[in-house]
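Order-wise, the sequence lines are chains S and P.
Take the first sequence: its letters are residues 1 to 312, numbered as in the working numbering.
Take the second sequence: its letters are residues 313 to 624, numbered as in the working numbering.
Hints in this document: simulated from the structure, not taken from any laboratory.
Honestly, I wouldn't trust all of these hints.
Said to hold, decoys possible - With a straight-line cut-off of 25 Å between C-alpha atoms, the simulated SDA-like cross-links for lysine to any residue are:
| hint | chain 1 | residue 1 | chain 2 | residue 2 |
| --- | --- | --- | --- | --- |
| 1 | S | Lys54 | P | Ile406 |
| 2 | S | Lys222 | P | Glu408 |
| 3 | S | Lys34 | S | Arg91 |
| 4 | P | Lys346 | P | Lys609 |
| 5 | P | Lys534 | P | Ala559 |
| 6 | S | Lys222 | P | Thr321 |
| 7 | P | Lys534 | P | Thr393 |
| 8 | S | Lys54 | S | Ser117 |
| 9 | P | Lys534 | S | Thr9 |
| 10 | P | Lys490 | S | Arg114 |
| 11 | S | Lys54 | P | Ala433 |
| 12 | S | Lys178 | S | Ser298 |
| 13 | P | Lys534 | S | Pro10 |
| 14 | P | Lys534 | S | Glu96 |
| 15 | P | Lys609 | P | Arg581 |
| 16 | P | Lys366 | S | Ser117 |
| 17 | P | Lys366 | S | Gly116 |
| 18 | P | Lys534 | S | Ile94 |
| 19 | S | Lys54 | P | Glu430 |
| 20 | S | Lys34 | S | Thr81 |
| 21 | P | Lys366 | S | Ala125 |
| 22 | P | Lys366 | S | Arg114 |
| 23 | S | Lys297 | S | Asp198 |
| 24 | S | Lys222 | P | Ile406 |
| 25 | S | Lys222 | S | Gly33 |
| 26 | S | Lys222 | P | Gly405 |
| 27 | P | Lys534 | P | Gln388 |
| 28 | S | Lys178 | P | Arg426 |
| 29 | P | Lys366 | P | Gly428 |
| 30 | P | Lys366 | S | Lys34 |
| 31 | S | Lys54 | S | Met32 |
| 32 | S | Lys34 | S | Ile245 |
| 33 | S | Lys54 | S | Ala4 |
To be verified - Covered stretches of chain S, going by a simulated chain P footprint (3 or more residues, C-beta under 8 Å):
| hint | region |
| --- | --- |
| 34 | 94-108 |
| 35 | 124-130 |
Since the model is a prediction, treat every value here as computed from it, not as a measurement.
A virtual CB, placed ideally from N, CA and C, is assigned to each residue, including glycine.
Now for the letters of each chain:
There are 2 protein chains.
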Amino acid sequence: MGDALRGGTPLLRALRLHVGLEDEDGVAIDGMGKLLRPSLVLFVAEELGAPMAKALPAAVGLELVHNFSLIHDDIQDQDRTRRGRPTVWARYGIAEAINAGDLMHAISTSVVLRAGSEAAAALAAATAEMIEGQSLDLAFERRAATVDEYLDMVDRKTGTLLRCAFELGGIVAGADAKVRGQLRILGRSVGRAFQIQDDLLGVWGNGDALGKPRGSDVGRRKKSFPVAAAFSHATAGDRARLEAIYASEPVSESDARWVIETMERLGARDEGAQKVREYLAEAEAGLEALPFSPQGKSEARALFGYLAGRER
Amino acid sequence: MGDALRGGTPLLRALRLHVGLEDEDGVAIDGMGKLLRPSLVLFVAEELGAPMAKALPAAVGLELVHNFSLIHDDIQDQDRTRRGRPTVWARYGIAEAINAGDLMHAISTSVVLRAGSEAAAALAAATAEMIEGQSLDLAFERRAATVDEYLDMVDRKTGTLLRCAFELGGIVAGADAKVRGQLRILGRSVGRAFQIQDDLLGVWGNGDALGKPRGSDVGRRKKSFPVAAAFSHATAGDRARLEAIYASEPVSESDARWVIETMERLGARDEGAQKVREYLAEAEAGLEALPFSPQGKSEARALFGYLAGRER
Numbered sequence: 001m002g003d004a005l006r007g008g009t010p011l012l013r014a015l016r017l018h019v020g021l022e023d024e025d026g027v028a029i030d031g032m033g034k035l036l037r038p039s040l041v042l043f044v045a046e047e048l049g050a051p052m053a054k055a056l057p058a059a060v061g062l063e064l065v066h067n068f069s070l071i072h073d074d075i076q077d078q079d080r081t082r083r084g085r086p087t088v089w090a091r092y093g094i095a096e097a098i099n100a101g102d103l104m105h106a107i108s109t110s111v112v113l114r115a116g117s118e119a120a121a122a123l124a125a126a127t128a129e130m131i132e133g134q135s136l137d138l139a140f141e142r143r144a145a146t147v148d149e150y151l152d153m154v155d156r157k158t159g160t161l162l163r164c165a166f167e168l169g170g171i172v173a174g175a176d177a178k179v180r181g182q183l184r185i186l187g188r189s190v191g192r193a194f195q196i197q198d199d200l201l202g203v204w205g206n207g208d209a210l211g212k213p214r215g216s217d218v219g220r221r222k223k224s225f226p227v228a229a230a231f232s233h234a235t236a237g238d239r240a241r242l243e244a245i246y247a248s249e250p251v252s253e254s255d256a257r258w259v260i261e262t263m264e265r266l267g268a269r270d271e272g273a274q275k276v277r278e279y280l281a282e283a284e285a286g287l288e289a290l291p292f293s294p295q296g297k298s299e300a301r302a303l304f305g306y307l308a309g310r311e312r
Numbered sequence: 313m314g315d316a317l318r319g320g321t322p323l324l325r326a327l328r329l330h331v332g333l334e335d336e337d338g339v340a341i342d343g344m345g346k347l348l349r350p351s352l353v354l355f356v357a358e359e360l361g362a363p364m365a366k367a368l369p370a371a372v373g374l375e376l377v378h379n380f381s382l383i384h385d386d387i388q389d390q391d392r393t394r395r396g397r398p399t400v401w402a403r404y405g406i407a408e409a410i411n412a413g414d415l416m417h418a419i420s421t422s423v424v425l426r427a428g429s430e431a432a433a434a435l436a437a438a439t440a441e442m443i444e445g446q447s448l449d450l451a452f453e454r455r456a457a458t459v460d461e462y463l464d465m466v467d468r469k470t471g472t473l474l475r476c477a478f479e480l481g482g483i484v485a486g487a488d489a490k491v492r493g494q495l496r497i498l499g500r501s502v503g504r505a506f507q508i509q510d511d512l513l514g515v516w517g518n519g520d521a522l523g524k525p526r527g528s529d530v531g532r533r534k535k536s537f538p539v540a541a542a543f544s545h546a547t548a549g550d551r552a553r554l555e556a557i558y559a560s561e562p563v564s565e566s567d568a569r570w571v572i573e574t575m576e577r578l579g580a581r582d583e584g585a586q587k588v589r590e591y592l593a594e595a596e597a598g599l600e601a602l603p604f605s606p607q608g609k610s611e612a613r614a615l616f617g618y619l620a621g622r623e624r
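Extracted from the complex, chain S is given alone in its bound form (with noise of 0.2 Å):
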């Protein structure tokens, strides 16, 4: 990834900063992160028989545009730190993070178009289909989402890139119609639990949600699979405290314990819990069916495993 974001300008210094290959003062770190994305399309090319020239350059590309997201998030979301480094705009100004964003953007396109016209395609209208999830999620901001319209949000905002990692790897590997639709079921299925469960450690992953509860997803007022369960389940009276709480900010630390027993009460975190298990059941009959080797189908389960069920 380093050789695509090259370069002495300002701005290239803000991506390099972004994505961990520098610190603030320019130095070389190691700061990249887990590279989810990336080694997902490198896996699923690699066992599918795919050359290293074309499936390179689709995970750049993938990556690249998931960083750009993450600039313009942090913008959006007023993040001023990410991975302990000072998020773009809080260091550089809106204005400025707006153009690395979209610089990281059109470099994307450059990279991916290496890798052939159509993982590009593949990867410009997961693109645009992110970015109306991030659009959903704004909007769920002000108002309360059901469980249903979550999920699609959540397909949409994180599921198109991970689903757009499966099906790059299918792509590069020149796999067949058949190949790539389960491809693309199995990376949502993936993607939704990993998301879920995302959410439920947002709120109790620490170990200790009603011990530090404004620390949590809650406090920050997060709209997230259990706040989407727990709405709809509710009676009229919790609801409206529940929208009450998410209407005004700061949460106090005593309406936020009262949130998590509440998601807790309405059995929230259990239908999570559920959902994972469920889409994780998905993920695994999905991977069957594909033409992977027996190794490749161990490691791919381990990962999903790993993917639905990790620490924070």
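We have chain S already, so just place chain P on it with the hints.
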């Protein structure tokens, strides 16, 4: 272009408002403006014998990139109206306007890919360069640019997409490397003549520059060719006063009048007009070398003359 932006989501409605396909209530209107860049693509493509099925997606893709950059520019410049309609951020907020620009950028890639991966690669490269120009332009809000730095910025920010219009016309026509090189040089000359003329019109265009000095680009403290030229030729005393005026807002009526008079006295207006003539002559010479029809050349000369001399 309507086809590319069809759909019922709020974000797509925002895009149709921006490009002038619909008004704020979603009613169809005819407000798309001059469509200069796509017209140039189609003109060059037709002169070089390209099939319409390839020329059209290249033209639309380019216009969508131009428009995505305007949506983000309007946030950065805090402009609340464009072409008599509210800008996307003024109507939907900054977060959603960032999404709107990002979505239009992604759609532009999907569209231009229908013209082939070479056209998509040229557009992605031009987009990246345009964004670097936008970043330079923001930097010049904080410090004075020399004439050369200004021309470099303009080549990137405004010139790149005009140059890309010529280049895309050549690409979709399958023109050889020599013709493409000639098209790029021609595009650069036209772009410079166009932008410097635009800058001159921004100060002296209404024919009553000293009567309404605050309504001009000087009142908005826009850094443009005459400003860069004036800074370059200023004495220490003039320079100090120019710097003080461009560092604070609002600009008073008398200060704006002094700036305009000073730019004239330092020869910035004449220098600009001279540059426009030079670049126009370059463009006409470049045009002669191209394998266009006699009628095509005549039309192109008329167009260049219009671009380099038009009223605002």
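Each hint, compared with the structure:
1. S:Lys54 - P:Ile406: The given pair, whose Cα atoms are some 37 Å apart, is violated under the 25 Å limit.
2. S:Lys222 - P:Glu408: Cα-Cα ~18 Å, so holds.
3. S:Lys34 - S:Arg91: Holds, at roughly 23 Å.
4. P:Lys346 - P:Lys609: Given that 25 Å is the threshold and the Cα spacing comes to 21 Å, the pair holds.
5. P:Lys534 - P:Ala559: Holds, at about 11 Å.
6. S:Lys222 - P:Thr321: 23 Å, holds
7. P:Lys534 - P:Thr393: The hint holds at about 17 Å.
8. S:Lys54 - S:Ser117: 11 Å, holds
9. P:Lys534 - S:Thr9: 23 Å, holds
10. P:Lys490 - S:Arg114: 24 Å, holds
11. S:Lys54 - P:Ala433: 16 Å, holds
12. S:Lys178 - S:Ser298: 22 Å, holds
13. P:Lys534 - S:Pro10: 22 Å, holds
14. P:Lys534 - S:Glu96: 18 Å, holds
15. P:Lys609 - P:Arg581: 30 Å, violated
16. P:Lys366 - S:Ser117: 14 Å, holds
17. P:Lys366 - S:Gly116: It holds: about 18 Å lies between the C-alpha atoms, which stays within 25 Å.
18. P:Lys534 - S:Ile94: The given pair, whose Cα atoms are some 19 Å apart, holds under the 25 Å limit.
19. S:Lys54 - P:Glu430: Given that 25 Å is the threshold and the Cα spacing comes to 17 Å, the pair holds.
20. S:Lys34 - S:Thr81: The hint holds at about 17 Å.
21. P:Lys366 - S:Ala125: With a Cα-Cα distance of about 20 Å, the restraint between P:Lys366 and S:Ala125 holds, given a limit of 25 Å.
22. P:Lys366 - S:Arg114: Distance of about 20 Å is within 25 Å: holds.
23. S:Lys297 - S:Asp198: It holds: about 24 Å lies between the C-alpha atoms, which stays within 25 Å.
24. S:Lys222 - P:Ile406: 19 Å, holds
25. S:Lys222 - S:Gly33: Holds - the C-alpha atoms of S:Gly33 and S:Lys222 are around 23 Å apart, at most 25 Å.
26. S:Lys222 - P:Gly405: 19 Å, holds
27. P:Lys534 - P:Gln388: 13 Å, holds
28. S:Lys178 - P:Arg426: Roughly 24 Å between the alpha carbons, so the hint for S:Lys178 and P:Arg426 holds.
29. P:Lys366 - P:Gly428: The given pair, whose Cα atoms are some 8 Å apart, holds under the 25 Å limit.
30. P:Lys366 - S:Lys34: 40 Å, violated
31. S:Lys54 - S:Met32: 22 Å, holds
32. S:Lys34 - S:Ile245: 34 Å, violated
33. S:Lys54 - S:Ala4: Given pair S:Lys54, S:Ala4 holds - Cα atoms ~15 Å apart, limit 25 Å.
34. 94-108: holds (count 11)
35. 124-130: Satisfied; 4 residues make the cut.
Of the numbered hints stated above, those contradicted by the structure are hints 1, 15, 30, 32, listed in ascending order.
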